[in-house]
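The task is simple: from the sequences and hints, build the whole structure.
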Amino acid sequence: MFVLSVLKAAVFVSIISRLFYLQISENIKYKSLSDKNRLREWKISPQRGVIEDYFGIKIAKNTQVYQLHMIPEDVPNLEELFFKLARIINFDENKKKKLTRRLKKRKPWETIIISDNLSWSEFSKLNLFLHEIQGIKPVVSVARKYAEDGSSAHIIGYVSDASSKDLKNSEFIRKINMPGLKVGKNGLEKLLNNEMTGEPGLQRFEVNAYGKRIKELKLIQGIQGKNFRTTIDEKIQTFSSKLLEGHSGAICVMDIYTGDIVVLVSGPTYDSNKFVHGISQKDWDELMKNERKPLINKPMAGLYPPGSTIKPIVALSALENDVISTRLVIKCEGSVERYGTKYHCWKEKGHGFMTLRNAIKQSCDIYFYEVSRRLGIDRMSETAKKFGLGKKVLESFNEEKSGVVPSTKWKLENIGKSWYLGETLISGIGQGYFQSTPLQLCLMTAQLANGGYEIKPRIIDDKYALQPIINAWRKEFYSKKNNLELPNSDLKKLYRNPENIKFVHDALYGATNEPMGTSYRSRLTKPGYVYAGKTGTSQVRTITAEERRLKIKNKDLSYEKRDHALFTAFAPYKKPRYAISVVIEHGGAGSSGAAPIARKVIKKVLDRHELRKKFQLDLFQEV
Amino acid sequence: MSANYFIRGNKNIKDKILSLDFFLILLVIALGTISVFAMYSSEQGKFGYYTQNHLYRLLTFFGVFLLCSFFSIQFWFKSSYIFYFLIVILLLAVHFNGVTASGSQRWINLFFINLQPSELMKVALIVFLARYYYKIPSENVTNIKHIFIPVFALIVPALLVVSQPDLGTALLIMIGGIAVIWLSGFKIKYFLYSFFILVCSLPVVISFLKPYQKSRILTFLNPERDPLGAGYQIIQSKIAVGSGGIFGKGFLKGSQSYLDYLPEKHTDFIFTLFSEEFGFIGSIILLTIFILIIYRVIAIGNISKNNFSKLYCYSFATAFFVYVAVNMSMVLGLMPIVGAPLPIMSYGGSSMFSIMIGLGIAMSCKIYNTETPT
Numbered sequence: 001m002f003v004l005s006v007l008k009a010a011v012f013v014s015i016i017s018r019l020f021y022l023q024i025s026e027n028i029k030y031k032s033l034s035d036k037n038r039l040r041e042w043k044i045s046p047q048r049g050v051i052e053d054y055f056g057i058k059i060a061k062n063t064q065v066y067q068l069h070m071i072p073e074d075v076p077n078l079e080e081l082f083f084k085l086a087r088i089i090n091f092d093e094n095k096k097k098k099l100t101r102r103l104k105k106r107k108p109w110e111t112i113i114i115s116d117n118l119s120w121s122e123f124s125k126l127n128l129f130l131h132e133i134q135g136i137k138p139v140v141s142v143a144r145k146y147a148e149d150g151s152s153a154h155i156i157g158y159v160s161d162a163s164s165k166d167l168k169n170s171e172f173i174r175k176i177n178m179p180g181l182k183v184g185k186n187g188l189e190k191l192l193n194n195e196m197t198g199e200p201g202l203q204r205f206e207v208n209a210y211g212k213r214i215k216e217l218k219l220i221q222g223i224q225g226k227n228f229r230t231t232i233d234e235k236i237q238t239f240s241s242k243l244l245e246g247h248s249g250a251i252c253v254m255d256i257y258t259g260d261i262v263v264l265v266s267g268p269t270y271d272s273n274k275f276v277h278g279i280s281q282k283d284w285d286e287l288m289k290n291e292r293k294p295l296i297n298k299p300m301a302g303l304y305p306p307g308s309t310i311k312p313i314v315a316l317s318a319l320e321n322d323v324i325s326t327r328l329v330i331k332c333e334g335s336v337e338r339y340g341t342k343y344h345c346w347k348e349k350g351h352g353f354m355t356l357r358n359a360i361k362q363s364c365d366i367y368f369y370e371v372s373r374r375l376g377i378d379r380m381s382e383t384a385k386k387f388g389l390g391k392k393v394l395e396s397f398n399e400e401k402s403g404v405v406p407s408t409k410w411k412l413e414n415i416g417k418s419w420y421l422g423e424t425l426i427s428g429i430g431q432g433y434f435q436s437t438p439l440q441l442c443l444m445t446a447q448l449a450n451g452g453y454e455i456k457p458r459i460i461d462d463k464y465a466l467q468p469i470i471n472a473w474r475k476e477f478y479s480k481k482n483n484l485e486l487p488n489s490d491l492k493k494l495y496r497n498p499e500n501i502k503f504v505h506d507a508l509y510g511a512t513n514e515p516m517g518t519s520y521r522s523r524l525t526k527p528g529y530v531y532a533g534k535t536g537t538s539q540v541r542t543i544t545a546e547e548r549r550l551k552i553k554n555k556d557l558s559y560e561k562r563d564h565a566l567f568t569a570f571a572p573y574k575k576p577r578y579a580i581s582v583v584i585e586h587g588g589a590g591s592s593g594a595a596p597i598a599r600k601v602i603k604k605v606l607d608r609h610e611l612r613k614k615f616q617l618d619l620f621q622e623v
Numbered sequence: 001m002s003a004n005y006f007i008r009g010n011k012n013i014k015d016k017i018l019s020l021d022f023f024l025i026l027l028v029i030a031l032g033t034i035s036v037f038a039m040y041s042s043e044q045g046k047f048g049y050y051t052q053n054h055l056y057r058l059l060t061f062f063g064v065f066l067l068c069s070f071f072s073i074q075f076w077f078k079s080s081y082i083f084y085f086l087i088v089i090l091l092l093a094v095h096f097n098g099v100t101a102s103g104s105q106r107w108i109n110l111f112f113i114n115l116q117p118s119e120l121m122k123v124a125l126i127v128f129l130a131r132y133y134y135k136i137p138s139e140n141v142t143n144i145k146h147i148f149i150p151v152f153a154l155i156v157p158a159l160l161v162v163s164q165p166d167l168g169t170a171l172l173i174m175i176g177g178i179a180v181i182w183l184s185g186f187k188i189k190y191f192l193y194s195f196f197i198l199v200c201s202l203p204v205v206i207s208f209l210k211p212y213q214k215s216r217i218l219t220f221l222n223p224e225r226d227p228l229g230a231g232y233q234i235i236q237s238k239i240a241v242g243s244g245g246i247f248g249k250g251f252l253k254g255s256q257s258y259l260d261y262l263p264e265k266h267t268d269f270i271f272t273l274f275s276e277e278f279g280f281i282g283s284i285i286l287l288t289i290f291i292l293i294i295y296r297v298i299a300i301g302n303i304s305k306n307n308f309s310k311l312y313c314y315s316f317a318t319a320f321f322v323y324v325a326v327n328m329s330m331v332l333g334l335m336p337i338v339g340a341p342l343p344i345m346s347y348g349g350s351s352m353f354s355i356m357i358g359l360g361i362a363m364s365c366k367i368y369n370t371e372t373p374t
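Protein chains in written order, with this note's numbering: chain A, 1 to 623; chain B, 1 to 374.
Any given hint might turn out to be false.
To be verified - Only pairs whose alpha carbons sit at most 27 Å apart, straight line, appear in this in silico DSSO-like list of lysine-lysine:
hint: 1; chain 1: B; residue 1: Lys253; chain 2: A; residue 2: Lys218
hint: 2; chain 1: A; residue 1: Lys575; chain 2: A; residue 2: Lys456
hint: 3; chain 1: B; residue 1: Lys253; chain 2: A; residue 2: Lys29
As the list claims (entries may be wrong) - Distance ranges between label pairs, derived from CB positions:
hint: 4; chain 1: B; residue 1: Tyr232; chain 2: A; residue 2: Asn90; range: 29 to 39 Å
hint: 5; chain 1: B; residue 1: Asn114; chain 2: A; residue 2: Ser164; range: 55 to 65 Å
hint: 6; chain 1: B; residue 1: His95; chain 2: A; residue 2: Trp120; range: 50 to 60 Å
hint: 7; chain 1: A; residue 1: Asn127; chain 2: B; residue 2: Ile217; range: 37 to 47 Å
hint: 8; chain 1: A; residue 1: Tyr21; chain 2: B; residue 2: Thr60; range: 36 to 46 Å
hint: 9; chain 1: B; residue 1: Tyr232; chain 2: A; residue 2: Asn127; range: 17 to 27 Å
hint: 10; chain 1: B; residue 1: Ile217; chain 2: A; residue 2: Glu80; range: 21 to 31 Å
hint: 11; chain 1: B; residue 1: Tyr232; chain 2: A; residue 2: Glu80; range: 17 to 27 Å
hint: 12; chain 1: B; residue 1: Asn114; chain 2: A; residue 2: Asn90; range: 43 to 53 Å
Everything labelled a hint here was simulated from the structure, so no lab data went into it.
Glycine included, every Cβ here is placed at the ideal spot set by N, Cα and C.
See below:
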């Protein structure tokens with residue numbers, strides 16, 4: 001009995017001391033372990049800032065989506081999970097294989113998103129069966145949503161999951177990356193990614209042993225990323241995008257004073273929403289196989305010989321350099337022999353006697369061969385560069401291309417050969433080495449239209465940054481009106497003699513509004529809508545003598561051999577405000593392939609000018 | 001000697017009631033009340049299935065406890081062998097036609113109740129051995145002819161229970177039986193010899209264990225070995241108890257049990273739940289109630305005039321102590337998990353039934369303490 005009692009006492013003492021050890025000595029340790037059990041935190045990916053057009057229409061917005069996340073290490077049996085999932089949500093063999101492949105690349109404690117766009121019925125069903133499936137969690141989140149017509153797909157770009165390349169290249173993405181966070185892949189989404197991402201929030205839940213959330217204990221809302229307003233007019237953007245249907249090309253419209261890009265469309269377009277939740281292989285293949293290359297942002301990344309649209313610049317350059325006078329007359333006979341080669345005019349029979357004005361108006365190649373021969377490539381190249389060719393317009397877009405403005409130096413550096421004089425002639429009609437983007441052509445036209453001042457095109461509307469530019473213009477207009485010569489204008493002049501600019505304007509007026517003008521058939525006659533423009537037809541290959549003899553028409557050629565149709569213009573003629581460039585790949589002649597489209601866009605832009613004016617400071621206000 | 005006397009003894013009803021151990025009754029009521037609250041908490045503050053069943057059983061078996069008290073000690077003495085053989089038969093019935101749940105066949109369907117005879121055997125074996133040793137003078141206990149029957153009576157039910165399989169209950173049955181043998185005056189040195197033999201045979205025994213039993217032992221030695229598998233229960237139980245602190249998290253506020261981290265929270269781990277919500281102080285109070293119950297049963301043994309009552313009370317108190325100690329040590333991580341309920345606190349009809357009968361017999365010893373069974 002005694003032994004037993006001692007034994008009992010000893011056992012009870014050990015139990016009490018064990019209780020003391022656990023509950024008093026080690027209390028803090030176990031308390032934190034209990035909290036670790038009980039509490040689980042989730043980073044909430046912040047809402048991305050939205051992108052609006054000039055009038056506040058959301059071009060890229062956020063919508064609520066239902067997602068299914070999984071933590072691989074919490075899943076006891078993957079096969080079983082997949083089997084169960086297949087009965088609840090749309091989860092076929094294909095998705096299973098993809099997920100298994102993704103799983104191999106991930107750490108077991110990293111959340112993996114099984115589906116980021118569940119339907120409501122799938123989502124509610126999932127929540128119902130949650131207690132019997134371990135390791136998964138349904139999540140309500142927001143996702144990017146773009147306008148379905150894709151009119152702004154190229155300029156806005158799209159977001160998608162961060163790739164290993166994104167993580168490697170951007171420290172910002174590396175730091176903030178979390179499951180469900182999308183990063184901008186191109187366009188404005190990429191450019192403004194860091195500012196639009198916002199700050200992640202935190203959600204602390206009490207969870208039970210099966211990972212089911214019982215109670216939300218703490219919620220720190222993430223901070224939504226910055227919203228951006230662009231200079232784009234979404235209405236005209238949609239309108240222009242429709243005009244490009246069936247074509248491959250680009251349309252740019254720019255405010256010639258502020259540099260605001262009003263329209264920037266590329267055709268054909270695509271639905272950027274498909275990329276947000278991971279594009280399917282089929283859709284991807286379709287985009288890649290399409291010979292009209294829908295993914296390329298043609299206004300910025302498409303390179304085309306400017307063709308005759310460069311003639312106003314060549315003319316201006318010759319006038320500014322006093323190489324020719326406006327009264328120079330040259331006879332066009334359809335072709336001319338220079339340096340042992342025959343050079344042709346687009347008009348086989350020839351234009352007859354041409355003045356400079358007529359040569360611009362009717363786009364006479366023979367005349368410009370002679371002008372460029374006298375001018376020389378380097379002086380021509382200098383003016384072209386001054387007016388915006390050969391360098392990036394928006395700079396910050398990494399998909400943007402800078403194009404080529406050839407010069408003797410350029411050829412030596414890039415091709416390693418010296419310049420042939422014959423190359424000057426074809427450069428004078430915008431062929432040869434010349435390569436430009438539609439956006440560059442638009443800027444070139446804008447800077448010509450505004451009287452020859454340098455402008456800085458912009459697509460993000462920043463009223464604060466715009467104010468000094470507005471002030472500079474107001475000062476300039478005031479001084480011009482009162483014939484004052486201000487010593488220090490804030491605007492950079494690109495010309496020497498204002499008469500030369502005026503002359504080119506007038507010649508361009510003739511090209512659109514006088515009979516025989518190349519774009520006469522696409523003119524607008526309503527007062528206030530009259531515009532001036534220059535057509536361009538750029539060859540994508542050399543026309544052989546055989547073809548010339550057979551008089552093969554452009555439309556008889558196969559698609560990829562047809563000429564590019566180009567058109568640049570500014571409107572209205574009397575009080576210019578907008579510049580436009582239209583490029584239709586393999587669209588035939590500029591007068592028939594591009595000018596009719598430009599005409600419709602110009603009309604639309606001018607129609608909406610009154611509305612747009614209400615949203616901006618008046619440039620012409622008296623100072 | 002009439003049948004009436006056989007059952008009711010020589011006291012009238014008033015004397016019987018007056019000679020009840022009211023302190024023991026109070027302790028049982030206190031324990032019962034606490035257990036109902038604990039059960040209520042285990043169902044997240046709902047008067048649900050487990051709480052209701054537990055309460056009804058408690059009320060019924062409390063009646064059984066009082067009823068058993070009024071049966072004369074003569075009755076218990078005389079019916080002890082029948083009682084034992086009846087349970088052995090029930091164990092055999094379980095073996096051949098039992099109800100299986102979670103992999104082991106422990107219950108028998110008696111139409112109105114699913115009975116677990118192994119639990120009843122805990123008390124039946126003690127009563128059986130107490131009677132067996134009653135007539136044997138303590139100096140003859142070690143005699144070889146008096147060893148055979150007790151060991152056989154102990155081994156047969158233990159083997160039947162092990163085969164269910166239910167190692168925990170089998171061990172508890174054996175410990176109860178060994179307690180009687182020890183208290184009957186068996187020499188301590190023989191226990192030491194057999195303990196030595198047991199240790200030597202341990203490797204052989206281990207090789208016969210089921211994989212889950214092996215893993216339980218290994219897990220006990222190092223719970224972090226498999227934190228999501230076999231070690232899960234013990235780790236979560238320690239977290240629950242430890243996070244309770246001095247005063248506990250408060251009634252219905254035990255997050256470990258509320259959020260289902262605690263396994264088997266109405267049965268084997270009910271003490272963990274209680275300890276998490278009422279802390280160190282609550283646990284000490286609960287432990288004190290158990291100690292007082294054991295003390296009262298020993299006290300009854302002390303005032304009993306006959307050896308049957310004495311041997312029974314001491315043995316039952318020891319067995320009761322072992323049940324409490326094993327359960328608590330197990331949930332506090334001092335022992336491998338063997339599956340032993342905490343008397344009265346744990347959910348489970350047969351266990352409570354058995355404990356109440358055991359206490360009832362002890363109470364009968366109190367009422368009839370001056371009598372000598374023949």
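Hints versus structure:
1. B/Lys253 to A/Lys218: 18 Å, holds
2. A/Lys575 to A/Lys456: Answer holds: lysine 575 of chain A to lysine 456 of chain A is near 20 Å, not above 27 Å.
3. B/Lys253 to A/Lys29: 19 Å, holds
4. B/Tyr232 to A/Asn90: 29 to 39 Å: 34 Å, holds
5. B/Asn114 to A/Ser164: 55 to 65 Å: 60 Å, holds
6. B/His95 to A/Trp120: 50 to 60 Å: 55 Å, holds
7. A/Asn127 to B/Ile217: 37 to 47 Å: Given range 37 to 47 Å: holds, Cβ gap about 41 Å.
8. A/Tyr21 to B/Thr60: 36 to 46 Å: With Cβ atoms ~39 Å apart, the hint holds.
9. B/Tyr232 to A/Asn127: 17 to 27 Å: 26 Å, holds
10. B/Ile217 to A/Glu80: 21 to 31 Å: With a Cβ separation near 29 Å, isoleucine 217 of chain B and glutamate 80 of chain A satisfy 21 to 31 Å, so the hint holds.
11. B/Tyr232 to A/Glu80: 17 to 27 Å: The hint (17 to 27 Å, Cβ to Cβ) holds, given that tyrosine 232 of chain B and glutamate 80 of chain A are roughly 19 Å apart.
12. B/Asn114 to A/Asn90: 43 to 53 Å: 45 Å, holds
In summary, this structure violates none of the numbered hints.
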